[in-house]
Amino acid sequence: MMAQLQQGGPDEKEKTTALKDLLSRIDLDELMKKDEPPLEFPDTLEGFEYIFNEKGQLRHIKTGEPFVFNYREDLHRWNQKRYEALGEIITKYIYELLQNECHLKKVTLPVDAIESEPKSFIFMSEDALVNPDKLLVLIHGNGVVRAGQWARRLIINEDLDSGTQIPYIKRAIEEGYGVIVLNPNENYIEVEKTKAQIQLSSDISDEPAEKRERKDKIQKETKKRRDFYEKYRNPQKEKETMQIYIRDNGSPEEHAIYVWDHFISQSAAENVFFVAHSYGGLAFVELMIQREAEVKNRVTAVALTDSVHNVWHQEVGKTIREWMRENCCNWVSSSEPLDTSVESMLPDCPRVSAGTERHELTSWKSFPSVFKFFSEAMKAKNSLVKPTPTRRSNRIKYEEF
1 MMAQLQQGGP
11 DEKEKTTALK
21 DLLSRIDLDE
31 LMKKDEPPLE
41 FPDTLEGFEY
51 IFNEKGQLRH
61 IKTGEPFVFN
71 YREDLHRWNQ
81 KRYEALGEII
91 TKYIYELLQN
101 ECHLKKVTLP
111 VDAIESEPKS
121 FIFMSEDALV
131 NPDKLLVLIH
141 GNGVVRAGQW
151 ARRLIINEDL
161 DSGTQIPYIK
171 RAIEEGYGVI
181 VLNPNENYIE
191 VEKTKAQIQL
201 SSDISDEPAE
211 KRERKDKIQK
221 ETKKRRDFYE
231 KYRNPQKEKE
241 TMQIYIRDNG
251 SPEEHAIYVW
261 DHFISQSAAE
271 NVFFVAHSYG
281 GLAFVELMIQ
291 REAEVKNRVT
301 AVALTDSVHN
311 VWHQEVGKTI
321 REWMRENCCN
331 WVSSSEPLDT
341 SVESMLPDCP
351 RVSAGTERHE
361 LTSWKSFPSV
371 FKFFSEAMKA
381 KNSLVKPTPT
391 RRSNRIKYEE
401 F
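Under full-length UniProt numbering, think of the first position of the sequence shown as 1, with each following residue one higher.
Check each hint, because a few of them may be wrong.
[Claimed, not checked] Here are the simulated DSS-like pairs of lysine-lysine, each with C-alpha atoms no more than 27 angstroms apart in a straight line:
1) Lys296 x Lys379
2) Lys365 x Lys134
3) Lys318 x Lys105
4) Lys55 x Lys170
5) Lys92 x Lys62
Read the hints as simulated data drawn from the structure, not as lab findings.
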(Lines of atoms letter the chains of each structure in order from A and count residues from 1; the text may use other names and numbers.)
(Lines give C-alpha, C1' and ligand atoms only; values in the text may rest on other atoms or scores of the structure.)
Protein backbone atom coordinates (compact mmCIF):
# COMPACT_ATOMS: atom_id res chain seq x y z
CA MET A 1 0.00 0.00 0.00
CA MET A 2 2.91 2.34 0.83
CA ALA A 3 4.39 1.71 -2.62
CA GLN A 4 1.08 2.48 -4.31
CA LEU A 5 0.71 5.73 -2.39
CA GLN A 6 4.25 6.83 -3.24
CA GLN A 7 3.54 6.42 -6.95
CA GLY A 8 0.59 8.82 -6.83
CA GLY A 9 0.35 12.62 -6.86
CA PRO A 10 0.71 15.24 -4.08
CA ASP A 11 -2.40 14.04 -2.23
CA GLU A 12 -1.10 10.50 -2.12
CA LYS A 13 2.33 11.66 -0.92
CA GLU A 14 0.64 13.63 1.82
CA LYS A 15 -1.22 10.49 2.86
CA THR A 16 2.07 8.56 2.83
CA THR A 17 3.68 11.08 5.17
CA ALA A 18 0.70 10.89 7.52
CA LEU A 19 0.81 7.08 7.48
CA LYS A 20 4.53 7.02 8.26
CA ASP A 21 3.94 9.44 11.13
CA LEU A 22 1.17 7.23 12.49
CA LEU A 23 3.31 4.10 12.31
CA SER A 24 6.18 5.85 14.07
CA ARG A 25 3.90 6.65 16.99
CA ILE A 26 2.87 3.00 17.53
CA ASP A 27 4.74 1.46 20.45
CA LEU A 28 5.04 -2.21 19.49
CA ASP A 29 6.46 -3.15 22.89
CA GLU A 30 3.38 -1.64 24.52
CA LEU A 31 1.15 -3.67 22.19
CA MET A 32 3.01 -6.85 23.09
CA LYS A 33 2.22 -6.37 26.76
CA LYS A 34 -1.42 -6.96 25.85
CA ASP A 35 -0.60 -10.45 24.58
CA GLU A 36 -1.42 -13.82 26.12
CA PRO A 37 -1.20 -14.60 29.84
CA PRO A 38 1.54 -16.93 31.13
CA LEU A 39 1.27 -20.54 29.97
CA GLU A 40 0.90 -21.76 33.54
CA PHE A 41 -1.98 -24.08 34.34
CA PRO A 42 -3.18 -26.20 37.29
CA ASP A 43 -1.94 -29.77 37.61
CA THR A 44 -5.15 -31.28 39.00
CA LEU A 45 -8.78 -31.48 37.89
CA GLU A 46 -9.78 -29.62 41.02
CA GLY A 47 -7.30 -26.88 40.15
CA PHE A 48 -9.14 -26.45 36.83
CA GLU A 49 -12.37 -26.48 38.88
CA TYR A 50 -13.70 -29.49 36.97
CA ILE A 51 -14.80 -32.93 38.09
CA PHE A 52 -16.39 -36.02 36.54
CA ASN A 53 -19.96 -36.44 37.81
CA GLU A 54 -21.82 -39.69 38.49
CA LYS A 55 -22.58 -40.03 34.76
CA GLY A 56 -18.90 -39.75 33.87
CA GLN A 57 -19.35 -36.26 32.41
CA LEU A 58 -16.76 -33.52 32.95
CA ARG A 59 -18.50 -30.62 34.68
CA HIS A 60 -17.47 -27.35 36.33
CA ILE A 61 -17.48 -27.70 40.11
CA LYS A 62 -19.32 -24.41 40.72
CA THR A 63 -21.60 -23.98 37.69
CA GLY A 64 -22.16 -27.58 36.61
CA GLU A 65 -21.50 -26.49 33.02
CA PRO A 66 -19.55 -28.56 30.45
CA PHE A 67 -15.94 -27.71 29.60
CA VAL A 68 -15.48 -24.35 27.85
CA PHE A 69 -12.64 -24.24 25.33
CA ASN A 70 -12.73 -20.47 24.68
CA TYR A 71 -11.96 -19.52 28.26
CA ARG A 72 -10.32 -16.29 27.05
CA GLU A 73 -11.63 -14.61 23.92
CA ASP A 74 -9.21 -14.00 21.00
CA LEU A 75 -6.47 -16.09 22.59
CA HIS A 76 -6.77 -19.33 20.65
CA ARG A 77 -3.20 -20.47 21.29
CA TRP A 78 -3.52 -19.94 25.05
CA ASN A 79 -6.89 -21.75 25.07
CA GLN A 80 -5.34 -24.64 23.14
CA LYS A 81 -2.46 -24.90 25.62
CA ARG A 82 -4.98 -24.89 28.47
CA TYR A 83 -6.93 -27.68 26.74
CA GLU A 84 -3.74 -29.70 26.32
CA ALA A 85 -2.80 -29.22 29.97
CA LEU A 86 -6.23 -30.49 31.01
CA GLY A 87 -5.80 -33.41 28.62
CA GLU A 88 -2.57 -34.46 30.35
CA ILE A 89 -4.34 -34.46 33.71
CA ILE A 90 -7.14 -36.57 32.25
CA THR A 91 -4.62 -39.07 30.89
CA LYS A 92 -3.28 -39.59 34.43
CA TYR A 93 -6.85 -39.79 35.73
CA ILE A 94 -7.67 -42.59 33.26
CA TYR A 95 -4.52 -44.46 34.32
CA GLU A 96 -5.79 -44.29 37.91
CA LEU A 97 -9.20 -45.63 36.84
CA LEU A 98 -7.56 -48.55 34.99
CA GLN A 99 -5.73 -49.51 38.17
CA ASN A 100 -8.28 -48.67 40.86
CA GLU A 101 -11.62 -49.29 39.14
CA CYS A 102 -10.68 -51.96 36.56
CA HIS A 103 -8.02 -53.56 38.79
CA LEU A 104 -5.41 -53.71 36.03
CA LYS A 105 -1.72 -53.70 36.81
CA LYS A 106 0.84 -51.40 35.20
CA VAL A 107 3.73 -53.22 33.49
CA THR A 108 6.92 -51.39 32.48
CA LEU A 109 8.43 -51.65 28.98
CA PRO A 110 10.96 -52.72 27.89
CA VAL A 111 10.78 -55.68 30.23
CA ASP A 112 14.54 -55.53 30.81
CA ALA A 113 14.78 -51.73 31.06
CA ILE A 114 17.56 -50.28 33.16
CA GLU A 115 16.99 -47.38 35.53
CA SER A 116 18.46 -44.68 33.29
CA GLU A 117 16.70 -45.45 29.98
CA PRO A 118 13.31 -44.12 28.75
CA LYS A 119 10.39 -46.40 29.56
CA SER A 120 6.81 -46.99 28.53
CA PHE A 121 4.13 -49.22 30.03
CA ILE A 122 0.97 -51.18 29.36
CA PHE A 123 -1.87 -52.36 31.58
CA MET A 124 -3.10 -55.91 32.04
CA SER A 125 -5.43 -57.90 34.23
CA GLU A 126 -3.94 -60.23 36.84
CA ASP A 127 -4.97 -63.27 34.78
CA ALA A 128 -3.92 -61.90 31.37
CA LEU A 129 -1.09 -64.38 30.88
CA VAL A 130 -2.61 -67.36 32.70
CA ASN A 131 -6.28 -67.28 31.63
CA PRO A 132 -6.62 -70.53 29.63
CA ASP A 133 -9.71 -69.46 27.73
CA LYS A 134 -9.90 -65.87 26.42
CA LEU A 135 -7.67 -62.80 26.13
CA LEU A 136 -8.81 -59.37 24.89
CA VAL A 137 -6.22 -56.93 23.51
CA LEU A 138 -7.14 -53.25 23.06
CA ILE A 139 -5.29 -50.85 20.72
CA HIS A 140 -6.29 -47.19 20.42
CA GLY A 141 -5.55 -44.86 17.50
CA ASN A 142 -2.85 -42.27 16.85
CA GLY A 143 -2.39 -38.82 18.39
CA VAL A 144 -2.58 -37.59 21.99
CA VAL A 145 -4.55 -40.53 23.36
CA ARG A 146 -2.85 -42.98 25.70
CA ALA A 147 -3.65 -46.36 27.23
CA GLY A 148 -7.32 -46.68 28.17
CA GLN A 149 -8.58 -43.95 25.82
CA TRP A 150 -10.38 -43.92 22.49
CA ALA A 151 -10.68 -40.14 22.11
CA ARG A 152 -9.73 -37.23 24.39
CA ARG A 153 -12.37 -35.05 22.75
CA LEU A 154 -15.10 -37.46 23.81
CA ILE A 155 -13.82 -37.73 27.37
CA ILE A 156 -13.83 -33.95 27.76
CA ASN A 157 -16.97 -33.08 25.81
CA GLU A 158 -19.13 -36.22 26.12
CA ASP A 159 -18.36 -38.76 28.85
CA LEU A 160 -15.99 -41.48 30.07
CA ASP A 161 -18.04 -44.32 28.58
CA SER A 162 -17.79 -43.09 25.00
CA GLY A 163 -14.22 -41.80 25.21
CA THR A 164 -12.44 -44.53 27.16
CA GLN A 165 -11.88 -48.27 26.87
CA ILE A 166 -13.25 -48.86 30.36
CA PRO A 167 -16.64 -50.28 29.19
CA TYR A 168 -14.76 -52.81 27.04
CA ILE A 169 -12.47 -53.74 29.92
CA LYS A 170 -15.28 -54.17 32.47
CA ARG A 171 -17.43 -56.27 30.15
CA ALA A 172 -14.46 -58.39 29.11
CA ILE A 173 -13.63 -59.14 32.75
CA GLU A 174 -17.29 -59.92 33.51
CA GLU A 175 -17.33 -62.41 30.60
CA GLY A 176 -14.15 -64.14 31.72
CA TYR A 177 -11.55 -62.56 29.45
CA GLY A 178 -8.03 -61.67 30.47
CA VAL A 179 -7.21 -58.12 29.28
CA ILE A 180 -4.14 -56.36 27.90
CA VAL A 181 -4.33 -52.61 27.15
CA LEU A 182 -1.65 -51.37 24.77
CA ASN A 183 -0.07 -47.91 24.90
CA PRO A 184 1.14 -47.41 21.31
CA ASN A 185 1.61 -43.62 21.38
CA GLU A 186 4.01 -43.63 24.34
CA ASN A 187 7.08 -43.80 22.07
CA TYR A 188 9.58 -41.32 23.54
CA ILE A 189 10.37 -38.89 26.31
CA GLU A 190 11.07 -35.21 25.68
CA VAL A 191 14.05 -33.49 27.28
CA GLU A 192 15.16 -29.89 26.99
CA LYS A 193 18.01 -29.28 24.57
CA THR A 194 21.22 -27.77 25.88
CA LYS A 195 22.69 -24.71 24.12
CA ALA A 196 25.45 -26.92 22.70
CA GLN A 197 22.89 -29.33 21.19
CA ILE A 198 20.92 -26.47 19.63
CA GLN A 199 24.11 -25.05 18.07
CA LEU A 200 25.22 -28.50 16.89
CA SER A 201 21.92 -29.21 15.16
CA SER A 202 22.15 -25.94 13.24
CA ASP A 203 25.81 -26.48 12.27
CA ILE A 204 25.54 -30.00 10.85
CA SER A 205 25.36 -29.95 7.05
CA ASP A 206 26.91 -31.79 4.07
CA GLU A 207 26.41 -28.88 1.67
CA PRO A 208 29.36 -26.98 0.08
CA ALA A 209 30.59 -24.05 2.19
CA GLU A 210 29.53 -21.36 -0.31
CA LYS A 211 26.02 -22.75 -0.66
CA ARG A 212 25.75 -23.19 3.10
CA GLU A 213 26.83 -19.57 3.75
CA ARG A 214 24.25 -18.26 1.28
CA LYS A 215 21.59 -20.49 2.83
CA ASP A 216 22.59 -19.41 6.35
CA LYS A 217 22.27 -15.75 5.37
CA ILE A 218 18.75 -16.32 4.00
CA GLN A 219 17.82 -18.34 7.09
CA LYS A 220 19.10 -15.60 9.41
CA GLU A 221 17.03 -12.98 7.62
CA THR A 222 13.99 -15.25 7.69
CA LYS A 223 14.55 -15.99 11.37
CA LYS A 224 14.90 -12.28 12.14
CA ARG A 225 11.54 -11.53 10.52
CA ARG A 226 9.92 -14.57 12.10
CA ASP A 227 11.24 -13.70 15.55
CA PHE A 228 9.89 -10.16 15.22
CA TYR A 229 6.38 -11.39 14.47
CA GLU A 230 6.71 -14.29 16.91
CA LYS A 231 7.55 -11.81 19.67
CA TYR A 232 4.16 -10.26 19.14
CA ARG A 233 2.22 -13.46 18.44
CA ASN A 234 3.99 -15.63 20.99
CA PRO A 235 6.00 -13.61 23.53
CA GLN A 236 6.44 -16.73 25.69
CA LYS A 237 9.08 -18.55 23.70
CA GLU A 238 8.85 -22.23 24.57
CA LYS A 239 11.93 -24.31 25.29
CA GLU A 240 13.53 -26.36 22.54
CA THR A 241 13.27 -30.07 23.25
CA MET A 242 14.58 -33.29 21.78
CA GLN A 243 12.97 -36.72 21.71
CA ILE A 244 14.63 -39.82 23.15
CA TYR A 245 12.87 -42.89 21.82
CA ILE A 246 11.93 -45.89 23.93
CA ARG A 247 13.83 -49.03 22.98
CA ASP A 248 11.83 -51.38 20.72
CA ASN A 249 8.74 -49.21 21.25
CA GLY A 250 9.54 -46.17 19.09
CA SER A 251 6.33 -46.37 17.03
CA PRO A 252 2.82 -47.86 17.35
CA GLU A 253 3.85 -50.68 15.00
CA GLU A 254 6.99 -51.50 17.00
CA HIS A 255 5.01 -51.37 20.23
CA ALA A 256 2.37 -53.82 18.98
CA ILE A 257 5.05 -56.30 17.86
CA TYR A 258 6.94 -55.93 21.14
CA VAL A 259 3.85 -56.58 23.27
CA TRP A 260 2.97 -59.55 21.07
CA ASP A 261 6.43 -61.09 21.42
CA HIS A 262 6.77 -60.56 25.17
CA PHE A 263 3.21 -60.93 26.43
CA ILE A 264 0.42 -61.95 24.06
CA SER A 265 2.27 -64.84 22.41
CA GLN A 266 3.34 -66.02 25.88
CA SER A 267 -0.21 -66.07 27.24
CA ALA A 268 -2.11 -69.28 27.94
CA ALA A 269 -5.37 -68.20 26.28
CA GLU A 270 -6.73 -70.52 23.62
CA ASN A 271 -8.63 -67.60 22.05
CA VAL A 272 -7.05 -64.17 21.57
CA PHE A 273 -9.25 -61.27 20.44
CA PHE A 274 -8.28 -57.76 19.31
CA VAL A 275 -10.19 -54.48 19.24
CA ALA A 276 -8.20 -51.93 17.24
CA HIS A 277 -9.38 -48.38 16.52
CA SER A 278 -8.21 -46.16 13.64
CA TYR A 279 -4.37 -46.30 13.42
CA GLY A 280 -4.50 -49.24 15.83
CA GLY A 281 -5.93 -51.24 12.92
CA LEU A 282 -2.90 -50.37 10.81
CA ALA A 283 -0.62 -51.46 13.67
CA PHE A 284 -2.47 -54.78 13.90
CA VAL A 285 -2.11 -55.40 10.16
CA GLU A 286 1.61 -54.67 10.43
CA LEU A 287 1.77 -57.18 13.29
CA MET A 288 0.14 -59.74 11.01
CA ILE A 289 2.68 -59.06 8.28
CA GLN A 290 5.58 -59.54 10.70
CA ARG A 291 4.14 -62.47 12.68
CA GLU A 292 1.68 -64.05 10.25
CA ALA A 293 1.90 -67.70 11.32
CA GLU A 294 1.76 -66.87 15.05
CA VAL A 295 -1.21 -64.53 14.70
CA LYS A 296 -3.18 -67.00 12.60
CA ASN A 297 -2.50 -69.70 15.17
CA ARG A 298 -3.52 -67.68 18.23
CA VAL A 299 -6.07 -65.03 17.20
CA THR A 300 -9.73 -66.05 16.95
CA ALA A 301 -11.26 -62.74 15.79
CA VAL A 302 -10.40 -59.07 15.29
CA ALA A 303 -12.81 -56.14 15.62
CA LEU A 304 -11.59 -53.02 13.84
CA THR A 305 -13.31 -49.68 14.41
CA ASP A 306 -12.90 -47.25 11.52
CA SER A 307 -9.45 -48.69 10.88
CA VAL A 308 -7.11 -46.72 8.61
CA HIS A 309 -5.12 -49.77 7.46
CA ASN A 310 -4.60 -50.22 3.73
CA VAL A 311 -3.76 -53.66 2.35
CA TRP A 312 -2.22 -52.16 -0.80
CA HIS A 313 -0.02 -49.52 0.83
CA GLN A 314 1.08 -51.99 3.50
CA GLU A 315 1.71 -54.63 0.82
CA VAL A 316 -0.40 -57.25 2.56
CA GLY A 317 -0.05 -60.69 1.01
CA LYS A 318 -2.89 -62.82 -0.34
CA THR A 319 -2.86 -65.30 2.55
CA ILE A 320 -3.27 -62.50 5.11
CA ARG A 321 -6.07 -60.87 3.11
CA GLU A 322 -7.90 -64.20 2.99
CA TRP A 323 -7.48 -64.65 6.74
CA MET A 324 -8.77 -61.12 7.38
CA ARG A 325 -11.87 -61.77 5.26
CA GLU A 326 -12.70 -64.74 7.47
CA ASN A 327 -11.69 -63.45 10.90
CA CYS A 328 -11.93 -59.64 10.93
CA CYS A 329 -14.75 -57.12 10.76
CA ASN A 330 -14.35 -53.34 10.43
CA TRP A 331 -17.08 -51.16 11.97
CA VAL A 332 -16.80 -47.95 9.96
CA SER A 333 -18.32 -44.47 10.27
CA SER A 334 -21.53 -44.46 8.26
CA SER A 335 -25.04 -43.03 8.23
CA GLU A 336 -26.42 -46.56 7.88
CA PRO A 337 -27.90 -48.39 10.91
CA LEU A 338 -25.52 -50.35 13.13
CA ASP A 339 -24.16 -53.57 11.54
CA THR A 340 -25.46 -52.78 8.04
CA SER A 341 -23.01 -53.95 5.38
CA VAL A 342 -20.98 -51.15 3.78
CA GLU A 343 -19.30 -51.37 0.39
CA SER A 344 -15.53 -51.72 0.40
CA MET A 345 -13.05 -50.92 -2.36
CA LEU A 346 -10.36 -53.05 -0.71
CA PRO A 347 -10.19 -56.87 -0.74
CA ASP A 348 -9.67 -57.41 2.97
CA CYS A 349 -12.28 -57.73 5.72
CA PRO A 350 -16.04 -57.11 5.82
CA ARG A 351 -17.03 -53.51 6.54
CA VAL A 352 -20.20 -52.70 8.45
CA SER A 353 -21.71 -49.53 9.84
CA ALA A 354 -20.82 -48.48 13.36
CA GLY A 355 -24.12 -46.62 13.51
CA THR A 356 -22.44 -43.20 13.59
CA GLU A 357 -20.79 -40.83 11.12
CA ARG A 358 -18.29 -39.66 13.75
CA HIS A 359 -14.95 -41.42 13.50
CA GLU A 360 -14.11 -41.10 17.20
CA LEU A 361 -17.45 -42.62 18.28
CA THR A 362 -17.17 -45.84 16.25
CA SER A 363 -15.65 -47.91 19.09
CA TRP A 364 -18.38 -46.91 21.53
CA LYS A 365 -21.32 -47.25 19.15
CA SER A 366 -20.20 -50.71 17.96
CA PHE A 367 -19.52 -51.91 21.52
CA PRO A 368 -22.42 -54.43 21.84
CA SER A 369 -21.88 -55.76 18.31
CA VAL A 370 -18.19 -56.38 18.91
CA PHE A 371 -18.78 -58.73 21.83
CA LYS A 372 -21.53 -60.51 19.92
CA PHE A 373 -19.06 -60.97 17.04
CA PHE A 374 -16.47 -62.44 19.41
CA SER A 375 -19.02 -64.82 20.94
CA GLU A 376 -20.09 -66.03 17.51
CA ALA A 377 -16.44 -66.43 16.48
CA MET A 378 -15.76 -68.68 19.45
CA LYS A 379 -18.84 -70.80 18.76
CA ALA A 380 -17.87 -71.05 15.10
CA LYS A 381 -14.33 -72.08 15.99
CA ASN A 382 -15.62 -74.79 18.27
CA SER A 383 -18.00 -76.07 15.62
CA LEU A 384 -15.54 -75.40 12.75
CA VAL A 385 -18.06 -73.02 11.11
CA LYS A 386 -17.14 -69.39 10.42
CA PRO A 387 -19.31 -66.63 11.97
CA THR A 388 -21.60 -64.26 10.14
CA PRO A 389 -20.43 -60.88 11.51
CA THR A 390 -23.33 -58.76 10.27
CA ARG A 391 -26.95 -58.62 9.34
CA ARG A 392 -27.26 -57.71 5.67
CA SER A 393 -29.31 -54.68 4.67
CA ASN A 394 -32.17 -55.31 2.26
CA ARG A 395 -31.27 -52.04 0.55
CA ILE A 396 -27.82 -53.30 -0.46
CA LYS A 397 -28.07 -55.70 -3.40
CA TYR A 398 -24.39 -56.18 -4.22
CA GLU A 399 -21.97 -58.67 -2.70
CA GLU A 400 -19.34 -56.83 -0.68
CA PHE A 401 -17.05 -59.62 0.37
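Hints versus structure:
no.	hint	in the structure
1	Lys296 x Lys379	holds, 17 angstroms
2	Lys365 x Lys134	holds, 23 angstroms
3	Lys318 x Lys105	violated, 38 angstroms
4	Lys55 x Lys170	holds, 16 angstroms
5	Lys92 x Lys62	holds, 23 angstroms
Violation of the numbered hints given earlier is confined to hint 3; every other hint is satisfied by the structure.
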